Every structure is written in C-alpha cells, then in structure tokens.
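**Student:** Go by the hints and put chain B onto chain X.
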Amino acid sequence: MSGTMYKTFDVAVIGAGSIGSSVAYFNAKKGAQVVLIDAGDIAQSTSSRSDGNVLVCDKQPGFDAIFAKASQDMFPELSRELDYDLEWKQKGSLFLTETEEEFEIASKFCQDMKECGISMRMMDQKEIQDDEPLLAKDIYGGLETISDGSVYPIGLAYGLALGAEKKGAILSLHNRVTNIEKQEDAFRIETENGTILARNVVDACGVWAPAIGAMVGLPIPIRPRQGQILVSEQTFQVARRKVHEFGYMLTKFQSGSYRRPVSERVEKHGVAFVFEPTASHNFLIGSSRAFAGEDISSEIEVMKAMAERAIRFFPVIADIKVIRSYSGLRPYTPDHMPIVSGTPVEGFYIAAGHEGDGIGLAPITGKVMADMIAGEAPFMDLSPLRYDRFFSKEER
Amino acid sequence: MGTEKGIIYDGYPSAEEIRQANGWPEEERWEKGPVAVVECVQQIPCNPCEGACPFHAIQIGNPITNTPRVDTEKCVGCGMCVAACPGLAIFVVDKSLGNGLAAVSFPFEYVPLPQKGDQVDALSRAGEFVCKAEVIKVMNPERNDHTPVITLAVPKEYADQVRTMRRLRLPEKGEGFHKAEKDEILDDDVIVCRCEEITAGEIRKAIREYKATTVTEVKRRVRAGMGLCQGRTCGKIVARMIAEETGKPMSEILGSTDRPPVRPVSFGELAADKEESDDERDNV
Chain X
7 MSGTMYKTFD
17 VAVIGAGSIG
27 SSVAYFNAKK
37 GAQVVLIDAG
47 DIAQSTSSRS
57 DGNVLVCDKQ
67 PGFDAIFAKA
77 SQDMFPELSR
87 ELDYDLEWKQ
97 KGSLFLTETE
107 EEFEIASKFC
117 QDMKECGISM
127 RMMDQKEIQD
137 DEPLLAKDIY
147 GGLETISDGS
157 VYPIGLAYGL
167 ALGAEKKGAI
177 LSLHNRVTNI
187 EKQEDAFRIE
197 TENGTILARN
207 VVDACGVWAP
217 AIGAMVGLPI
227 PIRPRQGQIL
237 VSEQTFQVAR
247 RKVHEFGYML
257 TKFQSGSYRR
267 PVSERVEKHG
277 VAFVFEPTAS
287 HNFLIGSSRA
297 FAGEDISSEI
307 EVMKAMAERA
317 IRFFPVIADI
327 KVIRSYSGLR
337 PYTPDHMPIV
347 SGTPVEGFYI
357 AAGHEGDGIG
367 LAPITGKVMA
377 DMIAGEAPFM
387 DLSPLRYDRF
397 FSKEER
Chain B
41 MGTEKGIIYD
51 GYPSAEEIRQ
61 ANGWPEEERW
71 EKGPVAVVEC
81 VQQIPCNPCE
91 GACPFHAIQI
101 GNPITNTPRV
111 DTEKCVGCGM
121 CVAACPGLAI
131 FVVDKSLGNG
141 LAAVSFPFEY
151 VPLPQKGDQV
161 DALSRAGEFV
171 CKAEVIKVMN
181 PERNDHTPVI
191 TLAVPKEYAD
201 QVRTMRRLRL
211 PEKGEGFHKA
221 EKDEILDDDV
231 IVCRCEEITA
241 GEIRKAIREY
251 KATTVTEVKR
261 RVRAGMGLCQ
271 GRTCGKIVAR
281 MIAEETGKPM
291 SEILGSTDRP
301 PVRPVSFGEL
311 AADKEESDDE
321 RDNV
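Those protein sequences? They're chains X and B, same order as listed.
Residue numbering for the first sequence follows this note's numbering, beginning at 7 and increasing consecutively.
Residue numbering for the second sequence follows this note's numbering, beginning at 41 and increasing consecutively.
None of these hints come from the bench; they were simulated from the model.
Small disclaimer: the values here were computed from a predicted structure and weren't measured.
A virtual CB, placed ideally from N, CA and C, is assigned to each residue, including glycine.
It is possible that part of the hints are untrue.
To be verified - To spell it out: a stretch of chain B is covered by chain X in this simulated footprint if at least three of its residues, at any positions, have a beta carbon under 8 Å from a beta carbon of chain X; those stretches are:
| no. | stretch |
| --- | --- |
| 1 | 245-254 |
| 2 | 262-271 |
| 3 | 288-302 |
Unchecked claim - SDA-like cross-link-like pairs, simulated, lysine to any residue; straight-line CA separation at most 20 Å:
| no. | chain 1 | residue 1 | chain 2 | residue 2 |
| --- | --- | --- | --- | --- |
| 4 | X | Lys13 | X | Glu198 |
| 5 | B | Lys135 | B | Arg234 |
| 6 | X | Lys172 | B | Lys251 |
| 7 | B | Lys251 | X | Gly174 |
Isolated chain X (complex conformation):
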C-alpha cells in the first residue's frame, strides 16, 4: 500500500501481534472494512517471543478466570476455521506444589476456581508420579486443570491476520504510524507510506500501546515486563503436557507472604519453573520476570537460574541440550488485567496490556472488541477491563 488513501476504513487496527490480528479478524468477520497496520511484520515482537500457553489455571478466581475460559473455549473452532495450522493441543496442565504449605495454598485456590466453573483437581504425590513418571520423586503434590492447552503463538497471529485478509481486510505491514489526528468524522492516521482514514482506531500495540495513545492525548499505564525462555533440542517426551510450579502464581502476582525454598538467583530473577512441550518435539523452559525497560537480551544469570529450576523438577532435563534462548516483553498493567475498552476519545479503543496472557486471550479480545465497535452488548460485564479504572473520578 502506498500513497495517500482516500477511502475511509471502518476500523484501523494498529499492531499486528496476536491481539491486533484477532481484533482485525473478528471485525472483518462482522463485515467491517478493516486495515491492520504494523511498523514491522505480523507477530514481530511479543507474539514471537512468547510461549504458546492457553491457560485458565494461572488466572485469579472470578472475572479473570471466566474471561480466560471464554477465550480458551474459542480455540477448537478457531483452529478449524483458520487456514493456518495453529497446532492447538488441549491436554490440560499440571501445577506442581513443592511443599505442604504450597499444597495448602493451592487447595484453597482450587476450591475458589471450581466455584467459578473451572475444572480443577488436587493430585497427591502418587498421582503426579503416575501422571509424569520423570518428575523428581520428592515433589509434594499437584493441581490439574483439565481444559488448558497450547498453540503455536506465531501461527496464531499469522492465522488470524491472513484470515482477516481473506475476509477483505487490508494488511499494511512494515508501515509505521507517525501521527493520529481526530477529525470530525474520522481519524487521520499518518504513516510512513501515506495517510489512512478510519472511523474507529484500535490500539493493539501491547508494550508500545502508550506511544500510540499519546498521539491522541491518552496516557496508558502499560510497562514492559521482560521474560526469558530456553529452548531445548528435539528430544524424547520429558512430560506429556504443560507442567509448571505453583510458585509461578506467586511470582506473577507478587502476592502473599509465602516464600519458596529456592536459591538466591532463582529468587532474584523471579524465576518460576514452566515446561511447555512443542508440536515439533522441542520443549520450552521458563520463566523469569523483570522490569528492564525494552531490553530483550538473554542474560546468562537468568538462563542458569531457569536451567537450575527445571532440573529441580525434572532431573532428566540435565542431560538435554539448550539450543537457543530468547527474551520478550510482556505488556504489564498495574492490576495484571488487560485494557479492552473504549476511551474518552470517541472511536479510539485500546486492546492491550495482557501481560503474559496475550496468546490465550487473543480470541476473546478480538471478539469483544468487534462487538463493542459494532455497538453490541458484551457477553459479560467487562468493567474490570475498562480503561478508566486506572484514573480517579476527577480525572475521568
């Protein structure tokens, strides 16, 4: 696409990651004329530096879990609907509890989650050993979530973006947005390749959403929260599905007074064991959390801590080789919930801030954003995702 475009689109989605691609797809599916704009490629940043988890197990009981479950429930149909192979697998997930105290915290959590309709069950030491025979023998117990699954994250973004294109959306890639001006009946979006006019704009730029928001005068409280991952060689089946430590919840939400019995470097880098098998017989090992600006280098100390923690839970991993490490930026909000919302600037929407859940929450985010723009009632009360929750009444 080049030169000035005089056509006015119904919806311009800025950001072609998993979220933006989904927003473009569901809007195009409703018949809207959509343009999907990105400074780079589809899935160039966070969506290609993530894992492929589609989880409800790591959500907070209540709205968070119910919203995530609604998104998860969309994957089977989506994987049939899109031409691209999403590598969708739904084998459930297993949280490991290292100590009795952790098991007790997890049991309470399990109860709360069941009350909002999530299928979970506690497993004792024997059950987890039968389930995953290569686990370290001294792991105290576990918590299974029946419906959890995984996808190829890059494939998800491609599938949605190419699916949107098939439904008539224009993909405007490698085209940076330089300015947005709200005019009477449309937004005038200035890009490197010319002007784009659109009645509605969706800011789906994740970590970079604040820069787009600033163009229309909106402060967006999203910060990059870095995470690193190790990739193994193709190897035998270490575990049959997603396995992670319950301590992950403690590092994610930074809540509670419980402290894990871990080494200094594991504690310091917010490392929690996450194992994810991939469709190509490698596995991914995570996870770490740090506020490090936009730095996405792989740090050797973090890599060591993640390897150490992985071997703690699966000793057999010690002899398997690491072939790559990578690092990405999660779009973090202060309350760990995304912003999927309209704003005081009429016609300007935000779909960003999903922290580590952007892959799993992509379908439902795209769907509710399409409903919202079409003026339809949402499937549930979405006030926890409102933009204005971060501001006091006077500021609104």
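**Tutor:** Quick look at chain B alone, frame taken from chain X:
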C-alpha cells in the same frame, strides 16, 4: 583472548579439537595403508561424506550434527569422501609409503592446478610453510564437482601437519575471488534447512505468499533456521533466496537474530555453573 586455540578463534581446528572429534584414526591403523582423516569438529548439520563412501565406512547417524565417525577397518583410503566434504575437512593420509615418506591427499580449489612431479610448498592447517614436497597425484574427475584432490609426498614426520599447499598464483591486490560458476536457482524440492527439513519450495512460498522479507520472517513462517544448528547452515541460502525473489541486493537482506548459546549446551552444564566467572565463554 590470545591464549584461546581452536576453530572459532583461528579459523582452523586445533590438534586437540581434531582428536576429540570422531575422525582421527587409531595409532595402529596409520601403518596399514591409506586412511581417511576427518577433521570435522563443528557439529554442523551436514552428511554428504556418509553417502559418498562406497564402503559405508563413515557414519553420522542421528542427530545429523554428530561429527563423522570413521570405521577404519572398512576404510580403504579411496578418497571419495575428500571431494564430497563441503567443508574441505577430510584428508587421506598414507604412512605406509616407505623411504621415510608419507602421502597426504587434500582438496584444493585454486587454479591453476599443479602438475604431477611439481615441487610445491606444503602448508599446515594454518597455511604456514612446513616443507617442500612433490606432487604425486592430481585427481579432478567430473564426479568431484570442481573439487580437485591433490596428493603430496612429504617426509613422514610431517604427515600429521601438512594439509594443503601454497597456491601457484596468488590473487593481485584487490582482485578478490572469481566465481567459478553462476549461482543457480535451487529446485523446489532441495532441502535448504537440514535440521527442520524445509525445502526451497517452502521458503519461496513464505516469501511469495506470506510476504516474508527477512531471514527471521522466513523462519517465523516456515521454521527454516529453528532447528539444532539455529540457521548457521541455511541462513545464507535463505538470504540469497530472498534476494533472488525480491531483487534486493544480498547486503540489504537482514539475517536472523543471534542468541545464546553459541553451541548447544546441556541444561546440567548451564545450571552447574554457580557464579559468573571468566571461563563462562567456554561453557556457553
């Protein structure tokens, strides 16, 4: 670094690296006649030597990044593997020549070629002068595919050192290399990424239909470069294909992002390293 030795520092393998790989014959085999010496130390996904040996004496197996293992009982020192190795890392050494001499055969891709009977400068792996030597054979049949194999007779004590000869004509200053032949368009069924078994056709599809414009964008779409060697082998070919398809010069095609580790390292080795230390580079 200075004190570091080996292929990543010097551009040629150290004696220690060669002996640690699988291709150095046992002591007693040397005297029995010509034998293949495989000085392949880098664990790259590559196996033409395995197929080139008519006696099935070279084995790589799985994974394809294993360094070649030579069954020296089966090896007759025929030299078929020498021209087949894309890395020019295979030699044939015959210490049974007598008269205090040994024969060293090596691949040699510089014109003009020497003639049988010429006296030439025999050089080490580092390209340094070792001794004068006589050319006793020049082999350049069509099946060698433009990789001639030269055999020198050298004093036996230099048999483990001599691995090439000085070029007969050095390029003029600023002359650089001439391409021997034009790059040909790869057939669609040629495997470009050997680790992930991705063909040229799939890569073209990523460029033409899925709009990939960089090596990383091809990788995200079809996995080329995602395997064990992390694109060390296919990255350049993918870049060349993007250049062919888009008409952009090679110099403008972005490569993929380099990430640690430099070579595969086990989780155990990584975790065992407690503190940040000076020898970290060796481990990762």
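**Student:** Does the structure break any of the earlier hints, and which numbers would those be?
**Tutor:** Checked against the structure, the only hint that fails is number 5, while the rest are satisfied.
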